[in-house]
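Chemist: From just these sequences and the hints, can you work out the full model?
Number of protein chains: 2
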Amino acid sequence: MAKKPAPNAVALVSERRLWDRMMAMAEIGAIPGNGVNRACLSKEDIRARRLLLTWARNLKLDAEVDPIGNLFLRRRGTDATLDPVCAGSHMDSQPQGGRFDGIYGVLAVLEAFEALEAAGITTRRPIELVAWTNEEGGRYAPGAMGSMVHAGLRRLDEFLDLTDKDGIRLGDALAETLAAEPWIPRRPLGRSYAAYLEPHIEQGPRLEAEGKTIGVVTGIQGSRWFTVTVTGETAHAGAAPMRGRKDAVQDALRIIAALNELMADPTDTARFTVGRINVSPNTPNSVASSVQFSIDFRHPDRAELLRRGDAIAALAGRAVRDCTVAVAENFHVMPCAFDPLVVDAVQNAAEGLGLSWMRMPSGAFHDAQFMQPLCPTGMIFVPCRKGISHNVAEYAEPAHLAAGTQVLVGALLDLANR
Amino acid sequence: MAKKPAPNAVALVSERRLWDRMMAMAEIGAIPGNGVNRACLSKEDIRARRLLLTWARNLKLDAEVDPIGNLFLRRRGTDATLDPVCAGSHMDSQPQGGRFDGIYGVLAVLEAFEALEAAGITTRRPIELVAWTNEEGGRYAPGAMGSMVHAGLRRLDEFLDLTDKDGIRLGDALAETLAAEPWIPRRPLGRSYAAYLEPHIEQGPRLEAEGKTIGVVTGIQGSRWFTVTVTGETAHAGAAPMRGRKDAVQDALRIIAALNELMADPTDTARFTVGRINVSPNTPNSVASSVQFSIDFRHPDRAELLRRGDAIAALAGRAVRDCTVAVAENFHVMPCAFDPLVVDAVQNAAEGLGLSWMRMPSGAFHDAQFMQPLCPTGMIFVPCRKGISHNVAEYAEPAHLAAGTQVLVGALLDLANR
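So the protein lines, in turn, are chains A and B.
For the first sequence, our numbering assigns the number 7 to the initial residue and increments by one for each residue that follows.
For the second sequence, our numbering assigns the number 7 to the initial residue and increments by one for each residue that follows.
Be aware that one or more of the hints could be misleading.
Heads up, the list lumps identical chains together, so a pair's fine if it works in one copy or across two of them.
[Claimed, not checked] Computed list of lysine to any residue pairs in SDA-like fashion (alpha-carbon distance at most 25 Å, straight line): (1) Lys-49 <-> Val-71; (2) Lys-171 <-> Ile-37; (3) Lys-171 <-> Gly-39; (4) Lys-218 <-> Met-248; (5) Lys-66 <-> Met-269; (6) Lys-392 <-> Glu-239; (7) Lys-392 <-> Asp-328; (8) Lys-171 <-> Arg-282; (9) Lys-49 <-> Glu-164; (10) Lys-392 <-> Met-248; (11) Lys-171 <-> Ser-286; (12) Lys-392 <-> Arg-327; (13) Lys-49 <-> Arg-175; (14) Lys-218 <-> Asp-167; (15) Lys-49 <-> Gly-173; (16) Lys-49 <-> Gly-177.
Simulated from the structure, these hints should not be mistaken for laboratory data.
Modeler: Shown next, in the form of structure tokens:
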């Protein structure tokens, strides 16, 4: 059994303070049904950043922001020459999102800082809390943009001219966000870190089903996103005979039916989702001239991710009957395995605290995987009710959130004192 | 062979003037690809009404408007005690509509007035040009609202609180439209007419395929519109296993596949269209919590319209696997047969002019069918290229538009001199 880590700091994690802050954040962008709609770089995002900075004031953290708006709050260590440990998550939400996804990771690190401060502990290495810009991708795709740009996987200028559904440029929304806190010093993209650690709700049902409190996350399944555009020809719904129509809705259905076959998996490992469908002109009495729909395909096995994903375009071409089809891949990320340094630190901390835990891969992708070019990375999962996420009904127990934060304190003390 | 009708008036129909006016109207709400987006009661609709009134000025017509904004321009007859003959169509378009649907019928009647005026002809009965409000139903459903309310089939107050996609109330848009021409005298809804006649492009491929210039329209197939709402539960596209999902997109697909079976028709007589699909939350990485889609089902046979339409709700309930479904019928109209008085007047005029013609039902619905409670009604069809309509590519030959107007002059002289 592992050594019980820094018991005084762990004991000073406040379940109540963490929960109250979670609920205060949930008021920013609150939507009916206890949900949250806090799009990245929106007015709500700006308010959430300001609230975080307000809470951080007593902790005397050094704030910095990078060119894509990733916000860093550094707690100094005893040796300023050492690479910091980085920990955090994101503050943006899905349009119909919940109160826990993302924001928990940010507030858990803040709570860990509170506990360390109250215990009078200074680690050797600095610890940086990070709040990543645009993890969700709901307003501007792709998601995890902040961490990808920070780690050098994508360039910021690729994204500046993206527009949201109201025609607002990402570059303009970013400038507005940065201008809201003009006092924060800028830092460049990227740097060397000792490790990156991200607490998060599981967003799946496994921890709850198995009665475990902590998920020791071993890696993340791969994801591929596609946009399929079916182009037909509009016609009058009453006058145009069925024969001879080029109905984009009907051909989109044929493609999705074929995709369901391609993605069928008796082991229930593959994840295949058509979550967005946009029809044009989208009026009841006109045959659709075009349909655009999204494919979100994920698999933990690289070979399966490649085989099935690469088959999509040709299959769509065979499935259409009357229209033409184009398939574009917008985003892909291969499956990743987290570094044993971080995975073991999480597992040891959970075990040392006597919490129930299990090793598991993540079904969702997270900023943690995009930090891999910069340092060893890992995650801590806590259960969420029925696995519901990206939904106003998302819920996690206060005690589970606190337990995850206790594990975080233990793991940070381990990683930041090496 | 029928007597050639009033040759001097027919000869004075100007193909050029009619075409130029069509093209001038097409500039109001013009969209790329030669299309038109002129929603009912919009700024564009107001401009179109004003342009019509400007052209009508020399003809000394008596303008009147009813409570739902239907615009009447009366050409006086020799006997003011006789019921007028009414003729016209609508000036609104589909969102991605063409330059001919609706507006042709209005401008054809105006051109007929020009020809009668130039020929110095006064009919016994008055003739009223009508421009109906909201035939298309694209901004506020259902379509044919103006004629339905005028004929007493629906009440105006049922519709006043409808809102368009920008939240604008129909009542407010209507008030703005009426306020734009405050000088026009009001008239009540409804009245007794001697006949109603509506020129229109066919919106289907039959006249072109058979090489005929004039469609003598015998009636209109029936229509039923439904909205299907599938309610599931959103979840994270990466984390939620496929088993246990309540994916509204997948269940909507199951329903539409089952509807395709129900609507299958080897004779290609039934018309079945899913033209609108709205997904929520409509993000690529969230399982859809709900899908709402439209059904437009039409059939010329009353029994088939009832049998298949009535089967939809139960079939949808059987087709869903993981979600719940609700089916609402928004609109229905039974098949109608036009009155021999008007149908024969059209046929005789076409024959008298030596134009090629065929008797045919209408695939689309039109204001003509909703005028049936008030008087004998009928329609004149002219060909449109490839049958394309509700589409920016909609096109009709200037010569065909003029031929339809010549038939209109002949039929109006017949009907208005009885």
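Chemist: Each of the hints needs a verdict: does it hold here or not?
Modeler: Hint-by-hint comparison with the structure:
| no. | hint | result |
| --- | --- | --- |
| 1 | Lys-49 <-> Val-71 | within (17 Å within a copy, 47 Å between copies) |
| 2 | Lys-171 <-> Ile-37 | both (19 Å within a copy, 20 Å between copies) |
| 3 | Lys-171 <-> Gly-39 | both (24 Å within a copy, 23 Å between copies) |
| 4 | Lys-218 <-> Met-248 | between (55 Å within a copy, 22 Å between copies) |
| 5 | Lys-66 <-> Met-269 | neither (51 Å within a copy, 69 Å between copies) |
| 6 | Lys-392 <-> Glu-239 | between (43 Å within a copy, 12 Å between copies) |
| 7 | Lys-392 <-> Asp-328 | between (42 Å within a copy, 16 Å between copies) |
| 8 | Lys-171 <-> Arg-282 | both (14 Å within a copy, 19 Å between copies) |
| 9 | Lys-49 <-> Glu-164 | within (23 Å within a copy, 39 Å between copies) |
| 10 | Lys-392 <-> Met-248 | between (44 Å within a copy, 14 Å between copies) |
| 11 | Lys-171 <-> Ser-286 | both (15 Å within a copy, 15 Å between copies) |
| 12 | Lys-392 <-> Arg-327 | between (40 Å within a copy, 20 Å between copies) |
| 13 | Lys-49 <-> Arg-175 | within (14 Å within a copy, 29 Å between copies) |
| 14 | Lys-218 <-> Asp-167 | neither (44 Å within a copy, 53 Å between copies) |
| 15 | Lys-49 <-> Gly-173 | both (16 Å within a copy, 23 Å between copies) |
| 16 | Lys-49 <-> Gly-177 | within (15 Å within a copy, 34 Å between copies) |
Of the numbered hints listed earlier, those contradicted by the structure are 5, 14.
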